[in-house]
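If you're matching them up, the sequences are chains A and B in order. Just so we're aligned, residue 13 is where the first sequence starts under my numbering, counting upward by one. Just so we're aligned, residue 13 is where the second sequence starts under my numbering, counting upward by one.
In short, the hints are calculated from the structure, not lab data. Computed from a predicted model, the values in this text were never measured in an experiment. Check the hints yourself; a few may be wrong.
[Said to hold, decoys possible] With a straight-line cut-off of 16 Å between C-alpha atoms, the simulated EDC-like cross-links for lysine to aspartate or glutamate are:
| no. | chain 1 | residue 1 | chain 2 | residue 2 |
| --- | --- | --- | --- | --- |
| 1 | B | 61 | A | 135 |
| 2 | A | 35 | A | 135 |
| 3 | A | 61 | B | 258 |
| 4 | B | 349 | B | 361 |
| 5 | B | 35 | B | 135 |
| 6 | B | 265 | B | 209 |
| 7 | B | 72 | B | 135 |
| 8 | B | 17 | B | 48 |
| 9 | A | 61 | B | 343 |
| 10 | A | 23 | A | 224 |
| 11 | B | 61 | A | 343 |
| 12 | A | 259 | A | 224 |
There are 2 protein chains.
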Amino acid sequence: MKLLKSSYLPKGFIASGLHCGLKKSGNPDLALFCSEIPARAACLFTLNKIQAAPITVSRKHLKASGSHQAIIVNSGNANCFTGSRGVSDALGTAGAVADCLGIKSKSVLVSSTGIIGRPLQVDKIKKAIPKLARSLSVKGIKQAKRAILTTDTSTKAFSAKIKISGRAVTICGVAKGSGMISPDMATMLGFIFTDADISKGILAKALKEAVDQSFNCITVDGCMSTNDMVIMLANGLAGNPLINSDKKALSFKKGLSLVCLELAKMIVKDGEGASKFIQIKVSGAKTQGEAKRAGLAVANSNLVKTAIYAANPNFGRIIAACGASGAALDEKKLKVKVSPLKRKGVVIEINLNQGNSSSIIYTSDLTPKYIKINAEYS
Amino acid sequence: MKLLKSSYLPKGFIASGLHCGLKKSGNPDLALFCSEIPARAACLFTLNKIQAAPITVSRKHLKASGSHQAIIVNSGNANCFTGSRGVSDALGTAGAVADCLGIKSKSVLVSSTGIIGRPLQVDKIKKAIPKLARSLSVKGIKQAKRAILTTDTSTKAFSAKIKISGRAVTICGVAKGSGMISPDMATMLGFIFTDADISKGILAKALKEAVDQSFNCITVDGCMSTNDMVIMLANGLAGNPLINSDKKALSFKKGLSLVCLELAKMIVKDGEGASKFIQIKVSGAKTQGEAKRAGLAVANSNLVKTAIYAANPNFGRIIAACGASGAALDEKKLKVKVSPLKRKGVVIEINLNQGNSSSIIYTSDLTPKYIKINAEYS
Chain A
13 MKLLKSSYLP KGFIASGLHC GLKKSGNPDL ALFCSEIPAR AACLFTLNKI QAAPITVSRK
73 HLKASGSHQA IIVNSGNANC FTGSRGVSDA LGTAGAVADC LGIKSKSVLV SSTGIIGRPL
133 QVDKIKKAIP KLARSLSVKG IKQAKRAILT TDTSTKAFSA KIKISGRAVT ICGVAKGSGM
193 ISPDMATMLG FIFTDADISK GILAKALKEA VDQSFNCITV DGCMSTNDMV IMLANGLAGN
253 PLINSDKKAL SFKKGLSLVC LELAKMIVKD GEGASKFIQI KVSGAKTQGE AKRAGLAVAN
313 SNLVKTAIYA ANPNFGRIIA ACGASGAALD EKKLKVKVSP LKRKGVVIEI NLNQGNSSSI
373 IYTSDLTPKY IKINAEYS
Chain B
13 MKLLKSSYLP KGFIASGLHC GLKKSGNPDL ALFCSEIPAR AACLFTLNKI QAAPITVSRK
73 HLKASGSHQA IIVNSGNANC FTGSRGVSDA LGTAGAVADC LGIKSKSVLV SSTGIIGRPL
133 QVDKIKKAIP KLARSLSVKG IKQAKRAILT TDTSTKAFSA KIKISGRAVT ICGVAKGSGM
193 ISPDMATMLG FIFTDADISK GILAKALKEA VDQSFNCITV DGCMSTNDMV IMLANGLAGN
253 PLINSDKKAL SFKKGLSLVC LELAKMIVKD GEGASKFIQI KVSGAKTQGE AKRAGLAVAN
313 SNLVKTAIYA ANPNFGRIIA ACGASGAALD EKKLKVKVSP LKRKGVVIEI NLNQGNSSSI
373 IYTSDLTPKY IKINAEYS
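For reference, chain A alone in the conformation it holds in the complex:
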């Protein structure tokens, strides 16, 4: 397997990005990802009970069609809590993309990120779509990955090249993260493309497994978003024999998991105001769910996060968070080990000594900069 800390689009995928006017900064705020031929799609959405209009529309289009070809993404506005107007705006966006590309509206998926509760300036988007469609190219991924960002300070992309039955298969993912990052589910936007020929069922399963161990294991501020989704498109252009069983999917899953995990780590490292990258390795839990629960409780403790920010070895806070998590534990058996706190990467090892399950959670510290960013963001 060859890994690239970069966006290397698989065969038949093109992308573009530009500034259409949603962001005041002048930075790119509209991205289009496209497969030259219809592709199989797999999607995961936030579990928040408030779900943004683009999620409603993407769900609808996933139901209505067995193949998909384009993803239109805007940043700067979440198009969430915007009522029926929001839904019609998202539908209109998909329709405009479909018209330009000469495809059906239901094969377009829609995604948004940004501020919640404000009407989408959909006219700006519609006006920009023809130019966006004209700019589609392999190199366009460079602008596209910038256009999906909000408070992120860097783009996030990772690619894996694998061999399946002698054929070169590429998996490429781009993501945005930064704040409002917490399970479940997909605590951010992620778009993953592959030229693998893979059945819809196995693709969905592989994506769920990879996301559970990556995007669902990260937290920046414990705040679950209304807009988050991971969309994956597989167009089959690699020409490999169809992957239609778990057994045949082994190396594909390995590659996909790696891409998701690397993107997830990038999101945490670029967490709002983050100065440290923290790995919380929980072992000896009764179940994997409890391992994750304990790890997330520690990761979401403001007291743990501030202690690590300040390299203050106040380990009692880790213990208190474990105890508050509800995971089965026993004070006498609980073991906690923390790596030197002055370093940029911190590892907290927690052995609950109750069973054989484990989990790794990734998080950042809580710094005055997080407050500054979020005090000013609107």
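Based on the hints, put chain B in the right spot on chain A.
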């Protein structure tokens, strides 16, 4: 009912406080509360699975004896995650108090607050107990309420004077709060004294009801402590006819609820780094549990807290937190109203429009000062 924003000890109660050496600052760190005659006790403890040694010992003494007479409290060290040595230190503390007062060890309750995971310097405590016992007086409450504080910037006391069948009854509570404040349960230390004659069963019920609507409705940082408890002592010296039914307890419950609620609000107002006092009024919930859940989700959202700190009207964050809470809701029916954010007191009204249950949650904002305090605390 007469209410006093101060500590006004009921008949037969005395207290004292001094500096025994646990706090480097030289501030008082050891308090003793005492009833001149044996009193009935009611207690509530943290739900954290890690529980401090003083909780273990207090539970033991509550089981072993039907009446209690003294509470010894130290700040500066939580005596938590300190193993069997911690338990023997807490037992030793109770024993030393019992010896000095000429009472049984099992009628002494023990409470600690401070840093977790460090051995208690029990010799300093034992050495100071004779002087502490000699200083017991009605006026001693002034030092006692200072001695239970940690990062608190002010003492917290509230008293209610009520009439029961023509007899004057006093309920007086003192508390400490500040950080690691979150349900359940008692997210702080609270000591409440009354001279009412009240049966143990009704006392326990009244305390549970009052705490559920006060200390269990506040959150500063969503972090559940390992040491928190509310202890109530009732010595019967008011000479009222015994309160042994819910019906007879009506005005007593009213007074107790008020004392608890006022103390709870004081804790939030003095939350670490707090610059605002936020009330989250959730109505229209399917159940009271869901109302509380939604309110706490909003109260614990770092994004909501930073927005309010900055008077930034980013109401989408309130909506996102509601949706993430798991409480039943419908985007189309959800109504959110927020009072002007520039004021020191902020009211967030959320109507879920799903049912008839409601709840009020009290919290503070998240400020750079919270991080400063917790980065440096150890």
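Hint check results:
no.: 1; hint: B/61 <-> A/135; verdict: violated, 54 Å
no.: 2; hint: A/35 <-> A/135; verdict: holds, 14 Å
no.: 3; hint: A/61 <-> B/258; verdict: violated, 40 Å
no.: 4; hint: B/349 <-> B/361; verdict: holds, 5 Å
no.: 5; hint: B/35 <-> B/135; verdict: holds, 14 Å
no.: 6; hint: B/265 <-> B/209; verdict: holds, 13 Å
no.: 7; hint: B/72 <-> B/135; verdict: violated, 22 Å
no.: 8; hint: B/17 <-> B/48; verdict: violated, 24 Å
no.: 9; hint: A/61 <-> B/343; verdict: holds, 8 Å
no.: 10; hint: A/23 <-> A/224; verdict: violated, 27 Å
no.: 11; hint: B/61 <-> A/343; verdict: holds, 8 Å
no.: 12; hint: A/259 <-> A/224; verdict: violated, 19 Å
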